[in-house]
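Spelled out, the chains give:
2 protein chains.
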Amino acid sequence: MAMGNAKAIKIGICGLGVVGQGVWKHLRRNGKLLEARLGVRLEPVRAAVRDLEKSRPVRIPRDRLTDDVMSLARDPELDIVCELMGGSDLAREFTLAALENGKVVVSANKALVCDHGREVFETARLGGGHYFFEASVGGGIPIIKALREGLVANRFDLIYGVLNGTCNYILTRMEAENLSFEDLVKRARKLGYVEADESLDLDGIDTAHKAVILGFLAHGRWMRLDEMLVEGIRRVTLEDIRQAAGLGYSIKLLAVITRDFESNRMFIRVHPALVPRGRVLANLDGAYNGICLSGDIVGTTFYIGKGAGQDATASAVISDIADAALVIKGSHKLLLPDEALSIHEERSTPCGILPLEEVVSPYYLRLTVKDEPGVLAQVASAMARHEVSIASVVQRQATGADRASLILTTHDSNEYAIRRAVAELGGLTSCLEEPFLMRIADFDE
Amino acid sequence: MAMGNAKAIKIGICGLGVVGQGVWKHLRRNGKLLEARLGVRLEPVRAAVRDLEKSRPVRIPRDRLTDDVMSLARDPELDIVCELMGGSDLAREFTLAALENGKVVVSANKALVCDHGREVFETARLGGGHYFFEASVGGGIPIIKALREGLVANRFDLIYGVLNGTCNYILTRMEAENLSFEDLVKRARKLGYVEADESLDLDGIDTAHKAVILGFLAHGRWMRLDEMLVEGIRRVTLEDIRQAAGLGYSIKLLAVITRDFESNRMFIRVHPALVPRGRVLANLDGAYNGICLSGDIVGTTFYIGKGAGQDATASAVISDIADAALVIKGSHKLLLPDEALSIHEERSTPCGILPLEEVVSPYYLRLTVKDEPGVLAQVASAMARHEVSIASVVQRQATGADRASLILTTHDSNEYAIRRAVAELGGLTSCLEEPFLMRIADFDE
Chain A
1 MAMGNAKAIK
11 IGICGLGVVG
21 QGVWKHLRRN
31 GKLLEARLGV
41 RLEPVRAAVR
51 DLEKSRPVRI
61 PRDRLTDDVM
71 SLARDPELDI
81 VCELMGGSDL
91 AREFTLAALE
101 NGKVVVSANK
111 ALVCDHGREV
121 FETARLGGGH
131 YFFEASVGGG
141 IPIIKALREG
151 LVANRFDLIY
161 GVLNGTCNYI
171 LTRMEAENLS
181 FEDLVKRARK
191 LGYVEADESL
201 DLDGIDTAHK
211 AVILGFLAHG
221 RWMRLDEMLV
231 EGIRRVTLED
241 IRQAAGLGYS
251 IKLLAVITRD
261 FESNRMFIRV
271 HPALVPRGRV
281 LANLDGAYNG
291 ICLSGDIVGT
301 TFYIGKGAGQ
311 DATASAVISD
321 IADAALVIKG
331 SHKLLLPDEA
341 LSIHEERSTP
351 CGILPLEEVV
361 SPYYLRLTVK
371 DEPGVLAQVA
381 SAMARHEVSI
391 ASVVQRQATG
401 ADRASLILTT
411 HDSNEYAIRR
421 AVAELGGLTS
431 CLEEPFLMRI
441 ADFDE
Chain W
1001 MAMGNAKAIK
1011 IGICGLGVVG
1021 QGVWKHLRRN
1031 GKLLEARLGV
1041 RLEPVRAAVR
1051 DLEKSRPVRI
1061 PRDRLTDDVM
1071 SLARDPELDI
1081 VCELMGGSDL
1091 AREFTLAALE
1101 NGKVVVSANK
1111 ALVCDHGREV
1121 FETARLGGGH
1131 YFFEASVGGG
1141 IPIIKALREG
1151 LVANRFDLIY
1161 GVLNGTCNYI
1171 LTRMEAENLS
1181 FEDLVKRARK
1191 LGYVEADESL
1201 DLDGIDTAHK
1211 AVILGFLAHG
1221 RWMRLDEMLV
1231 EGIRRVTLED
1241 IRQAAGLGYS
1251 IKLLAVITRD
1261 FESNRMFIRV
1271 HPALVPRGRV
1281 LANLDGAYNG
1291 ICLSGDIVGT
1301 TFYIGKGAGQ
1311 DATASAVISD
1321 IADAALVIKG
1331 SHKLLLPDEA
1341 LSIHEERSTP
1351 CGILPLEEVV
1361 SPYYLRLTVK
1371 DEPGVLAQVA
1381 SAMARHEVSI
1391 ASVVQRQATG
1401 ADRASLILTT
1411 HDSNEYAIRR
1421 AVAELGGLTS
1431 CLEEPFLMRI
1441 ADFDE
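Line order of the protein sequences matches chains A and W. The first sequence begins at 1 in our numbering and counts up by one. The second sequence begins at 1001 in our numbering and counts up by one.
Keep in mind that the hints were calculated from the coordinates and are not lab data. A hint or two may mislead.
Claimed, not checked - EDC-like cross-link-like pairs, simulated, lysine to aspartate or glutamate; straight-line CA separation at most 20 Å:
{"id": "1", "chain 1": "A", "residue 1": "Lys-329", "chain 2": "A", "residue 2": "Glu-77"}
{"id": "2", "chain 1": "A", "residue 1": "Lys-32", "chain 2": "W", "residue 2": "Glu-1198"}
{"id": "3", "chain 1": "A", "residue 1": "Lys-329", "chain 2": "A", "residue 2": "Asp-67"}
{"id": "4", "chain 1": "A", "residue 1": "Lys-370", "chain 2": "A", "residue 2": "Asp-412"}
{"id": "5", "chain 1": "W", "residue 1": "Lys-1370", "chain 2": "W", "residue 2": "Asp-1412"}
{"id": "6", "chain 1": "W", "residue 1": "Lys-1032", "chain 2": "A", "residue 2": "Glu-262"}
{"id": "7", "chain 1": "W", "residue 1": "Lys-1186", "chain 2": "W", "residue 2": "Glu-1198"}
{"id": "8", "chain 1": "A", "residue 1": "Lys-32", "chain 2": "W", "residue 2": "Glu-1262"}
{"id": "9", "chain 1": "W", "residue 1": "Lys-1025", "chain 2": "A", "residue 2": "Asp-296"}
{"id": "10", "chain 1": "A", "residue 1": "Lys-32", "chain 2": "W", "residue 2": "Asp-1157"}
{"id": "11", "chain 1": "W", "residue 1": "Lys-1032", "chain 2": "A", "residue 2": "Asp-157"}
{"id": "12", "chain 1": "A", "residue 1": "Lys-7", "chain 2": "A", "residue 2": "Asp-75"}
{"id": "13", "chain 1": "A", "residue 1": "Lys-186", "chain 2": "A", "residue 2": "Glu-198"}
{"id": "14", "chain 1": "A", "residue 1": "Lys-32", "chain 2": "W", "residue 2": "Asp-1063"}
{"id": "15", "chain 1": "A", "residue 1": "Lys-32", "chain 2": "A", "residue 2": "Glu-43"}
{"id": "16", "chain 1": "W", "residue 1": "Lys-1032", "chain 2": "A", "residue 2": "Asp-296"}
{"id": "17", "chain 1": "A", "residue 1": "Lys-25", "chain 2": "W", "residue 2": "Asp-1296"}
{"id": "18", "chain 1": "W", "residue 1": "Lys-1190", "chain 2": "W", "residue 2": "Glu-1177"}
{"id": "19", "chain 1": "A", "residue 1": "Lys-370", "chain 2": "A", "residue 2": "Glu-433"}
{"id": "20", "chain 1": "W", "residue 1": "Lys-1329", "chain 2": "W", "residue 2": "Glu-1043"}
{"id": "21", "chain 1": "A", "residue 1": "Lys-10", "chain 2": "A", "residue 2": "Asp-67"}
{"id": "22", "chain 1": "W", "residue 1": "Lys-1032", "chain 2": "A", "residue 2": "Asp-260"}
{"id": "23", "chain 1": "A", "residue 1": "Lys-54", "chain 2": "A", "residue 2": "Asp-67"}
Please construct the entire structure, taking both the sequences and the accompanying hints into account.
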């Protein structure tokens, strides 16, 4: 147990962006603490970068750097490699090569896990490697560990959360500062909060990737984005924020993963939603993520923390490195997530997908209509035809125009009915813009 | 990997109270799921009870029961024994005997861990056993796993939380229903929320036990209750709740664990505190627990869930059983908490205790004074003499009496100064009752 005798675990880092630099820095800075806690030394020894000459805030000796990414996948000295490049092509090639060589790969790459998780786990199994990806969901929050280990006794009928800090920043600041979506996107860009491909954040795709991962871990099925409901926040206006506030709600971009155990079916939806004030996630500020795991034994649990950024993400990567080190040190074989789920349980009774008729929610609907008699009657009839029951109506006249906003909320309806109702409403000549639909997330807690 | 070949891990349960029955029930009910997730079968085979004839809601075959608790500690068939009896004497004897026999012990016994943790870990080390105690803090919330594994890369400068569901229930309902402390204690007793020894809940002792465990896991020092500040909620009145609400706060019984890394000192305090509305823990309802772990890398993270009860606690016990099963199955040796902390890091530089002068907070002070001229001047002078700076004063006359309440809040002061000030105030002839002091928990988040 003497510290000097501890075997060093050698670590390579692929990609020295903010997260990669954070991992290197904190492995060095808290190295003694980690060695104390784990009984094994974690030593970052090599990093692969695109540009060897680039100056970086975290100083790493030149002889530790290479621009040959793939060399790290084959480097016999390395026990663990961290794939922190992001993207799909090179990241996938690198990951598969490293796993084929029996290495442990630690990743923060949610898109890769989401799109290629099956192949990655299969390759790990064949090569004798392992794959850890705590940092892919929820930034610094140890949510995958909570789901897989801390709540291992539970079946999860409901998982929902705010998984994208950029969207949460924008929506929170719209409400707090009374600024438009466009203003906040501009500011988020300036602050470096928005991904290069803005659609990943703003159209809910990043949130969807993370939801797919949680959905797989909980239910053993990789849902495709085209099987899900995925909507972003671009159409949320200041008026929606105000109307929601008047009704007692805050607007959040939510991922919602439901499972019906009787029919053995699941569904994943990502969309802006009205969350009742006073609920934990309604008060989630700025760049925080928050996730609710509701298990059949434990009941409702919440996890909150910074969803992104150098340090929070590095904290999650290092916790994976620590788990990986214990596996390597103890020759202890953990089950891969798909072994633990797909093979044993789910492959025999694979989880289906709920039909839209059974995806139920109350709704918020904003219509921009001609300000003339009879419009409300038309709208109400259309809703009634599709058996969507209206709970409240607010009409607001736009200043100096012949148009008005009609804000409806409904009682519980379902995705099939509401979509047909919305399609019909959108076709009315009195309806001047495409209707804007949000879900009300009033879950039992 | 075929399910039929999985080695069964045999489990004994000591104590079939609500938690013990919950563990047995859920191990049976979610047995297939657990086998799928772990690749190993968890089989509850024996339980020790005080009364063999007692009828219990969870049916367990008579031939599985024994009233010889100690026989489970020595039973060669058992891999894991769960100590769910509570208490100290028999629980300690049983735990030590089981660990001497190389068994894994899973416990929900916070008092035992708090008072005998050192001896328990030492015995586990010598006997080759292991000791898991996730259920001892935070009910179903996997907080120990988050602290030890998920955030393993971090040093914790601040940990605070609501750790006792009974007190949180009482305080929440006082505020929501405008009922007195005494009314709510009566109701909590009827609901079975209060421990047989009420002092454990109401005087903050249960919270203190849990805080000691978190403090040890984070900082490697077992603090004794007599080295800490431990106050309960018996003196919190409806007037305090109202005054706090008027100032923008909710009252919660908090455990606060601070660490100063420069001086290498820590402190633990347990007391009712004013938490600003809008903060996560201020909105924590009913029997929930909530814990904030603030790490140097990850920043601020929160964990919320049911703090007690059959199912939530069983969920935590089963997650320990699952971890233990992986350790047994893989012959993978985890470090005991004291190996991970005391031996490696902390024994070389043991963590000291902060002096009261450096335990800093703003304060809330309620005085019951004679309603006569000059009293406020006396109070203000006494505060000034001890260099406690007043932030706000509210005076409220009691109906039909010559007495008034004086509610003061202060700017940041420290425990040494405020205690001296309070002692002086308590000695004033114009002060009719012992002053009631609470801390304001306005932490940076």
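Against the structure, the hints:
| no. | hint | result |
| --- | --- | --- |
| 1 | A:Lys-329 - A:Glu-77 | holds, 15 Å |
| 2 | A:Lys-32 - W:Glu-1198 | violated, 43 Å |
| 3 | A:Lys-329 - A:Asp-67 | violated, 29 Å |
| 4 | A:Lys-370 - A:Asp-412 | violated, 27 Å |
| 5 | W:Lys-1370 - W:Asp-1412 | violated, 27 Å |
| 6 | W:Lys-1032 - A:Glu-262 | holds, 16 Å |
| 7 | W:Lys-1186 - W:Glu-1198 | holds, 11 Å |
| 8 | A:Lys-32 - W:Glu-1262 | holds, 16 Å |
| 9 | W:Lys-1025 - A:Asp-296 | holds, 13 Å |
| 10 | A:Lys-32 - W:Asp-1157 | holds, 17 Å |
| 11 | W:Lys-1032 - A:Asp-157 | holds, 17 Å |
| 12 | A:Lys-7 - A:Asp-75 | holds, 18 Å |
| 13 | A:Lys-186 - A:Glu-198 | holds, 11 Å |
| 14 | A:Lys-32 - W:Asp-1063 | violated, 52 Å |
| 15 | A:Lys-32 - A:Glu-43 | holds, 11 Å |
| 16 | W:Lys-1032 - A:Asp-296 | holds, 15 Å |
| 17 | A:Lys-25 - W:Asp-1296 | holds, 13 Å |
| 18 | W:Lys-1190 - W:Glu-1177 | holds, 17 Å |
| 19 | A:Lys-370 - A:Glu-433 | holds, 10 Å |
| 20 | W:Lys-1329 - W:Glu-1043 | holds, 14 Å |
| 21 | A:Lys-10 - A:Asp-67 | holds, 19 Å |
| 22 | W:Lys-1032 - A:Asp-260 | holds, 18 Å |
| 23 | A:Lys-54 - A:Asp-67 | holds, 11 Å |
Hints 2, 3, 4, 5 and 14 from the earlier list are contradicted by this structure; the remaining hints agree with it.
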